[in-house]
Every structure is written in structure tokens, then in C-alpha cells.
Amino acid sequence: MYALGEALKVLPWGTRGSIATPGPARQRYGGNTSCVEILGDEGTLLVLDAGTGVRPLGESLPKNLKRVDILLTHLHMDHIQGLGFFSALYDPEMAVHIWGPTCPTQSLSQRLTRYLSPPLFPVRLPDLPCQLTLHELPGDVTEIGEFRVSASLISHPGSTLGYRIESASSVVAYLPDHEPALGQGRVPDEPEWTSGFDLAEGADLLLHDCQYTESEYIDRVGWGHSTFGQSLDFAKLCGVQHLMAFHHDPSREDDALEGHVRDAVERFEPSFRVSIGAEGTAETLRS
Amino acid sequence: MGQHDIEVILMRQLAGHLVVPVLVVNLGMDIVYYNEAAEEILGLRFAETGKLSTAEAREHFLVLDADGSAIPPKAGPIYSAMRDKHAHTRDIVLQRVSDGRQQAMQAVAFPLLAQGDRELGTVCMLWVKP
Ligand SMILES: [Zn+2]
Ligand SMILES: [Zn+2]
Chain R
2 MYALGEALKV
12 LPWGTRGSIA
22 TPGPARQRYG
32 GNTSCVEILG
42 DEGTLLVLDA
52 GTGVRPLGES
62 LPKNLKRVDI
72 LLTHLHMDHI
82 QGLGFFSALY
92 DPEMAVHIWG
102 PTCPTQSLSQ
112 RLTRYLSPPL
122 FPVRLPDLPC
132 QLTLHELPGD
142 VTEIGEFRVS
152 ASLISHPGST
162 LGYRIESASS
172 VVAYLPDHEP
182 ALGQGRVPDE
192 PEWTSGFDLA
202 EGADLLLHDC
212 QYTESEYIDR
222 VGWGHSTFGQ
232 SLDFAKLCGV
242 QHLMAFHHDP
252 SREDDALEGH
262 VRDAVERFEP
272 SFRVSIGAEG
282 TAETLRS
Chain G
16 MGQHDIEVIL
26 MRQLAGHLVV
36 PVLVVNLGMD
46 IVYYNEAAEE
56 ILGLRFAETG
66 KLSTAEAREH
76 FLVLDADGSA
86 IPPKAGPIYS
96 AMRDKHAHTR
106 DIVLQRVSDG
116 RQQAMQAVAF
126 PLLAQGDREL
136 GTVCMLWVKP
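If you're matching them up, the sequences are chains R and G in order. Counted from 1, the first sequence has number 13 at position 12 by the working numbering; the numbering is strictly sequential. Counted from 1, the second sequence has number 128 at position 113 by the working numbering; the numbering is strictly sequential.
Because the hints were derived from the structure by calculation, they are not lab data. All residues carry an ideal CB built from backbone N, CA and C; glycine is no exception. Any given hint could turn out to be false.
Part of the chain R face toward chain G, derived, beta carbon under 10 Å [to be verified]:
{"hint": "1", "residue": "L135"}
{"hint": "2", "residue": "H136"}
{"hint": "3", "residue": "E137"}
{"hint": "4", "residue": "P189"}
{"hint": "5", "residue": "G197"}
{"hint": "6", "residue": "A257"}
Here are the simulated distance ranges between beta carbons [as the list claims (entries may be wrong)]:
{"hint": "7", "chain 1": "G", "residue 1": "G131", "chain 2": "R", "residue 2": "P130", "range": "29 to 37 Å"}
{"hint": "8", "chain 1": "R", "residue 1": "K237", "chain 2": "G", "residue 2": "R111", "range": "37 to 45 Å"}
{"hint": "9", "chain 1": "R", "residue 1": "P130", "chain 2": "G", "residue 2": "L33", "range": "49 to 57 Å"}
{"hint": "10", "chain 1": "R", "residue 1": "F122", "chain 2": "G", "residue 2": "A70", "range": "52 to 60 Å"}
{"hint": "11", "chain 1": "R", "residue 1": "D190", "chain 2": "G", "residue 2": "G43", "range": "20 to 28 Å"}
Could you build the full structure based on these sequences and the hints that come with them?
Here it is as C-alpha cells:
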């Protein structure tokens, strides 16, 4: 499963936004909330967000893994709800590094402990058996194993990060909750005035918020999410090779999701590849 | 690369919706954005000029004291707000170079201090004196 020689594997374990939505009508793309595994060919494993998808990811960790880095975009529940159920946190031999957004009043540890402590959760975050280190972002570009990781604040309510992950040969950008059209109704056509541009510029793969249809967005301006069309505009501006629609609305059944993406693609005729993020469907980026 | 920080982008978006003239200034004292209400006062169009350095701005408008003497950039409220990390206000007269038109205004400047100890620049709002 983890063969050497693959440049970079991107495996979504949860693609749903807002709340987990299990059920037969959402089986193709999945009902777990945001969580993506990034695995480099030297064995470095990054976990992007810890929505409910991080629980099954924990069951599939390589046996010899000694370190895992969890990159949280923000602390909305759909991005941290699975954290307490991630097996690596209960392994005393495992070094777990959690990266997340800074805040002027409380540390990342204090804010996560508001969820990971009684009465909401039986175990307090600082009492978990793993070797836990927390890091606050944005900051300088960070080297994690074979990856260079950049994080910047992006347009979404509260402190929210997007990530750019670079290997020697590939770039993945992850902006699951992002509203670059805020205040204008459309994505600006000027890179310097576009939230998230630096993160996504020239990416081989961009996982981006595509939560709403155009008609839904009208009543949800400022909620921090994008339409399929806005995401296509953003991806075009950034010059990406492949846009993966992400953070599917909980109300969206599989057939409707495919229909909305198909309609947007027909209207827009992108010159880059477009796919729908699906739980368990990996993308392998090669040099 | 070279995208503005999200706080500056959001500030521009907000300013774009306000009727009060607003200038967004970076740490190098360049005016990186001015809104439509400010276009009216300055006699410029942002779409045409884009970012204005201090020297470029001086070609288009002068910032004067009530007695008509020029206020050096480092004595003005924008620089002071940036330096002191605190709001500053000052009565000024803006004089357009193109037609010499003068407008008495109150300039209110506040620094953009962001999370993670990031200093991003200054926002200056201009209130027309009655
Ligand atoms: Zn979310
Ligand atoms: Zn969110």
C-alpha cells in the first residue's frame, strides 16, 4: 500500500463539510468530514485536518511510523472532531505534532483542550499518551521530513489557515474552507488581492472548498465558503493543474454533487483537470 | 508571489463598500489601495494608478497643515500610527496638484496589527471638515 517510488500520495479520508453525513446516498464521495493523508516516498506522513475521517486513517497507519504531523486549518468542529479518536494520540512511542492557527488570547493547546476535555471528551489533550508537540502558525516555511510546508491565513470566519505542501517534485495546496469572493461576489482577477493565491499558485493539485451552488451562495455570503464556479475561477487564476472539489455540503447527495460539478465544468470549460474529492480515492503525483 | 496578507485584502474589500474615503498603506508607506470615495478627493482612479509610492503620491496631491505648510510624511498621522502602533488623528488640508483644489479634512489613521505579532501597515480614513 505504501510502495516506495511514488512521489507523493494524496488520500482523502473525509471530504464532507460542516457535519458528518453517513448514508447510502453519499457513499461514492463519503460522509466523513475533512481529513486528507499526504504520504511522501520517504515515509513522511502529514494529516490535513482531523475531521471524522481521521479515525479510519488511524487504523491504516504504517506499523513502523514514529512521527505524524497533523496540520489543522482551523478549529471549527468539522476539522477537529475526529482528533480524540485518532489512534496515534494513544501510542506512547509516537511523536505527534499538531500545527494550527494562532490566536491573540489563548494558546492552541488551550483552545483544543476546550473540546478535548470533560464534559465534551473524557481525556484531556495534555494527558494523551503520545509525545505531543503543538505549533502555532502562520510562521516561517517549515520543513517536515521531505516536505516544505507553508501556511497563511485565508478568508474564512475566525483564524483559518490554508496550506501549501511542496515535495521535491510536486505541490499540493489545501484550502478546504475558503471564500476568496467575499465582499465582491466573485474571485478577483488580481493575484495580489486574492486570498490564498500565494498558497495555490502553480499547484499540481488544489483541494478547494466547493460547498455551494450559485443559488445557495446568495444567502450564505460571509459564511466562509465558495461555489463550484468561484473555485474554478480561483484555480484558473492560480494556474493549477488539477482542482479537486472538496468540503461537500452535507445536504448534497452523490448524484446532485456530480451534476453541480458537471454543470460548472460545462459552463467554465477549464483547461485543467477537475475531480470530486472522494473518500478512499488516492491521487498520486509523480515528478 | 507577492499576495497581500488576508487582513489587507479584507480591509480593501470593506473599504470598497464604505462611503468614507479610505487609504490602505503598507509598511513602506506606499498607498496600496484607495477607495472610490478617496478617488473623488484625490482626483485619481485606483484602476489607473494602482499602488502609489510616497513620491508618486506627491505628484498628485499635497498634505498641508492648516496654515498651508507641507506636512512631511514622517510627521503625518499615517506614519505616526505605524510607528506608535496606536491611532493618530490630525486636521489636514489635501491639495490636488492638478487643479490646486484644497479640502480641509480630519485624517484618522490606525495601524493594522494582526495575529502572530504581524504589523501590516496603516489604514487612514479621511473625514471632510464641515
Ligand atoms: Zn469546514
Ligand atoms: Zn470552517
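Okay, the hints, checked on the actual structure:
Nearest Cβ of chain G to the Cβ of R/L135: about 15 Å, over the 10 Å cut. The hint is violated. Given the 10 Å rule on beta carbons, the hint for R/H136 is violated: about 12 Å separates it from the nearest Cβ of chain G. About 8 Å separates the beta-carbon of R/E137 from the nearest beta-carbon of chain G, less than 10 Å, and the hint is met. The beta carbon of R/P189 comes within 8 Å of a beta carbon in chain G, closer than 10 Å, and the hint placing it at the interface holds.
For R/G197, the shortest C-beta to C-beta distance to chain G is roughly 8 Å, which falls under 10 Å, so the interface hint holds. The criterion of a C-beta within 10 Å of any C-beta in chain G is not met by R/A257, whose closest approach is roughly 31 Å, and the hint is violated. Checked against the given bound of 29 to 37 Å, the beta carbons of G/G131 and R/P130, roughly 30 Å apart, stay inside it. Hint check: R/K237 to G/R111, Cβ distance near 39 Å, so the stated range 37 to 45 Å holds.
Take R/P130 and G/L33: their Cβ atoms lie about 53 Å apart, and the range 49 to 57 Å holds. At roughly 58 Å, the beta carbons of R/F122 and G/A70 sit within the given window of 52 to 60 Å. For R/D190 paired with G/G43, a C-beta distance near 25 Å keeps the hint of 20 to 28 Å intact.
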